[in-house]
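Number of protein chains: 2
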Amino acid sequence: MTMKRAYNFNAGPSALPLPVLERAQKELLNFQNTGMSVMELSHRSKEYEAVHHAAKERLKRLLNVPDGYDILFLQGGASLQFSMVPMNLLTEGKIGCYVLTGAWSEKALKEAQKIGLTTVVASSKEANYTYIPPLDDVQWPKNAAYVHITSNNTIFGTQWKEFPNTPVDLVADMSSDILSRPFDVSQFALIYAGAQKNLGPSGVTVVILRNDLLERIPDGLPTMLDYRTHQKSNSLYNTPPTFAIYMLSLVLEWVEEQGGVAAMEERNQQKAAVLYEAIDESGGFYKPHAEKGSRSLMNVTFTLPNEELTKTFLAEAKERGFVGLGGHRSVGGCRASIYNAVPLEACEALASFMNEFRRRFA
Amino acid sequence: MTMKRAYNFNAGPSALPLPVLERAQKELLNFQNTGMSVMELSHRSKEYEAVHHAAKERLKRLLNVPDGYDILFLQGGASLQFSMVPMNLLTEGKIGCYVLTGAWSEKALKEAQKIGLTTVVASSKEANYTYIPPLDDVQWPKNAAYVHITSNNTIFGTQWKEFPNTPVDLVADMSSDILSRPFDVSQFALIYAGAQKNLGPSGVTVVILRNDLLERIPDGLPTMLDYRTHQKSNSLYNTPPTFAIYMLSLVLEWVEEQGGVAAMEERNQQKAAVLYEAIDESGGFYKPHAEKGSRSLMNVTFTLPNEELTKTFLAEAKERGFVGLGGHRSVGGCRASIYNAVPLEACEALASFMNEFRRRFA
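These protein sequence lines map, in sequence, to chains A and B.
Counting from 1, position 15 in the first sequence corresponds to residue 15 in the UniProt record's numbering; the numbering is continuous, with no gaps.
Counting from 1, position 6 in the second sequence corresponds to residue 6 in the UniProt record's numbering; the numbering is continuous, with no gaps.
In short, the hints are calculated from the structure, not lab data.
Every residue gets a Cβ at the ideal spot worked out from N, C-alpha and C, and that includes glycine.
Check each hint, because a few of them may be wrong.
Straight-line alpha carbon distances no greater than 20 Å define the calculated SDA-like cross-link-like pairs of lysine to any residue that follow [unchecked claim]:
{"#": "1", "chain 1": "B", "residue 1": "LYS4", "chain 2": "A", "residue 2": "THR34"}
{"#": "2", "chain 1": "A", "residue 1": "LYS114", "chain 2": "B", "residue 2": "THR229"}
{"#": "3", "chain 1": "A", "residue 1": "LYS4", "chain 2": "B", "residue 2": "ILE115"}
{"#": "4", "chain 1": "B", "residue 1": "LYS107", "chain 2": "A", "residue 2": "THR229"}
{"#": "5", "chain 1": "A", "residue 1": "LYS318", "chain 2": "B", "residue 2": "SER45"}
{"#": "6", "chain 1": "A", "residue 1": "LYS110", "chain 2": "B", "residue 2": "THR229"}
{"#": "7", "chain 1": "A", "residue 1": "LYS114", "chain 2": "B", "residue 2": "ILE115"}
{"#": "8", "chain 1": "A", "residue 1": "LYS4", "chain 2": "B", "residue 2": "ASN30"}
{"#": "9", "chain 1": "A", "residue 1": "LYS26", "chain 2": "B", "residue 2": "ALA6"}
{"#": "10", "chain 1": "A", "residue 1": "LYS110", "chain 2": "B", "residue 2": "GLY220"}
{"#": "11", "chain 1": "B", "residue 1": "LYS318", "chain 2": "A", "residue 2": "LYS318"}
{"#": "12", "chain 1": "A", "residue 1": "LYS4", "chain 2": "B", "residue 2": "GLN25"}
{"#": "13", "chain 1": "B", "residue 1": "LYS26", "chain 2": "A", "residue 2": "ASN30"}
{"#": "14", "chain 1": "B", "residue 1": "LYS114", "chain 2": "A", "residue 2": "TYR237"}
{"#": "15", "chain 1": "B", "residue 1": "LYS4", "chain 2": "A", "residue 2": "ASN33"}
{"#": "16", "chain 1": "A", "residue 1": "LYS107", "chain 2": "B", "residue 2": "GLY220"}
{"#": "17", "chain 1": "B", "residue 1": "LYS26", "chain 2": "A", "residue 2": "LYS107"}
Partial chain B-side listing against chain A, Cβ under 8 Å, derived [as the list claims (entries may be wrong)]:
{"#": "18", "residue": "ALA6"}
{"#": "19", "residue": "GLY12"}
{"#": "20", "residue": "GLU40"}
{"#": "21", "residue": "HIS43"}
{"#": "22", "residue": "LEU80"}
{"#": "23", "residue": "LYS114"}
{"#": "24", "residue": "GLY116"}
{"#": "25", "residue": "PRO241"}
Using the sequences and the hints, build the whole thing.
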């Protein structure tokens with residue numbers, strides 16, 4: 001079968017590494033000579049438990065997760081974590097602190113407001129989320145339960161360059177840049193991430209939490225929404241999304257083979273540089289949304305001089321095999337999502353198209 | 001690649017139809033000539049939306065879902081529905097009625113007790129769940145919010161033969177027998193089912209609900225746990241488990257090709273008959289757990305004369321390629337789960353092994 005891989009710039013679900021897909025395809029009917037697909041294995045079988053364990057151990061190695069932290073595999077995406085974080089940690093009399101850097105932070109805040117007291121400690125909303133606000137001058141409330149940040153903002157194309165050292169427990173939604181660069185897990189109390197950008201297909205959510213948080217969880221939560229349920233049962237309280245966790249494990253193996261998270265970062269910097277250069281050297285034809293100091297390595301967002309040109313650009317790009325370049329429906333414009341599995345070659349091809357398009361229309 | 005398919009009697013995740021796996025394998029790298037895997041498609045793309053739509057329409061056709069009902073694709077399994085049902089429907093002053101027929105009903109009740117008032121209207125717990133209790137003599141409370149049943153009990157091997165016509169809204173956990181036989185959806189207010197038995201791989205949960213229920217839902221629920229969120233957004237509020245829904249769609253297509261749910265029932269009756277015959281004609285060597293009138297067509301549960309023989313039976317069965325015959329860890333003994341995708345041939349092979357084993361050890 002001949003096939004041309006698309007230049008996949010989808011914001012998520014997004015590109016997966018080709019060798020991972022090939023491996024999954026090869027063993028789809030017969031996993032490790034069991035005579036069954038990995039999807040047909042009992043989640044209590046030793047074959048599946050090895051997959052589950054490997055996924056956890058690989059993630060632990062790749063992120064250098066320190067002792068005293070645990071890794072959970074949940075369902076429901078970051079959107080369910082927006083509620084689970086406050087249900088578990090925003091106890092009576094405590095205040096959930098939120099940093100607003102985009103639409104996803106706003107949604108996280110909205111869910112927390114249903115559960116308990118909240119406050120916004122920093123925000124770049126007034127500047128249409130073009131930058132990541134510093135936390136230096138924050139007056140932390142005495143009863144802060146945690147401070148919540150979104151590490152990378154897919155819609156606005158901004159990203160925390162350095163994670164803050166906060167005097168209160170730091171909680172991060174890392175859905176769109178986990179595994180894209182090394183960072184110090186011990187700076188965080190809790191990290192969560194939907195898989196469908198850098199980790200695997202949609203359908204599994206990773207939570208990394210410091211175990212002492214478990215002691216704060218109030219009794220009486222719905223069992224499935226209590227982190228203790230999943231921590232105690234090694235994320236096997238009920239049937240987990242086994243195929244998604246298997247794919248996660250293969251993606252993590254691929255990242256290890258590529259040289260780990262540091263190697264990913266180097267590639268991601270190269271890839272982003274190619275696109276930001278096409279923007280910066282366009283003489284204002286392509287306008288970046290994010291300020292330079294807050295530019296995302298994962299989502300490159302930009303606009304063209306007008307709506308008409310944007311449409312033409314997207315239509316021509318599509319014809320040439322570039323997929324997923326439309327900006328989020330809430331902001332319009334263009335966005336190239338260049339997660340770990342997007343090859344440098346795809347970014348070079350896009351930059352070259354951008355340059356060519358600009359020469360024709362500028 | 002030569003390969004022998006296992007005789008897969010797993011309780012879930014469980015066997016999938018071989019043609020479905022072959023189709024998924026074939027198009028895993030390049031879905032409909034997009035140059036992408038179905039896992040790499042945006043959930044907002046027209047290609048994925050067609051998959052999503054087809055899954056919904058096929059389920060609607062197969063189950064004859066009447067107008068006024070909607071189908072949702074959620075995450076978290078039946079275990080999360082144990083909480084979502086009362087969060088959405090067990091409003092102030094109302095009473096959630098529960099019929100206890102096994103471990104899963106008990107769990108459903110336990111979660112409802114955290115949310116509101118409940119009562120047990122019928123139970124076979126005192127008989128170790130060997131039968132489905134009739135509802136004829138139930139004194140229904142005036143403020144009943146709903147009555148909850150478990151249509152098939154995987155652990156104890158019992159199944160409702162006829163669904164009750166209840167004077168209050170009927171809610172059913174059909175995780176382990178949906179699509180195994182025709183039934184009248186209009187008897188139910190809400191049906192939910194984790195996919196990993198008859199519908200597909202684990203990771204997606206189907207909810208079928210009568211739309212007027214939406215009007216009863218209290219405001220202020222976490223967005224992801226409010227049925228209205230998913231009904232309004234066609235189950236695309238956040239990223240759905242796209243691959244699991246794709247597999248669901250393929251399984252539904254396969255059921256249609258096989259002749260629909262009525263054809264499934266005929267096959268399932270044949271399959272179950274083969275195994276119950278091996279039990280009934282064993283002169284008491286194999287003892288069924290369920291009473292005859294409540295026997296499940298999906299999970300055939302039985303014990304051997306003693307623990308030693310059970311171990312030998314399971315060990316020999318495993319050697320011969322029978323997978324998943326151990327009873328649930330909470331009850332022991334043996335269990336053959338024979339969902340839609342398990343072929344008659346597998347049941348015949350198991351019955352023949354059971355007969356041969358009995359002749360050696362009786």
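Honestly, which of those hints from before does the structure not fit? 3, 11, 17, 24
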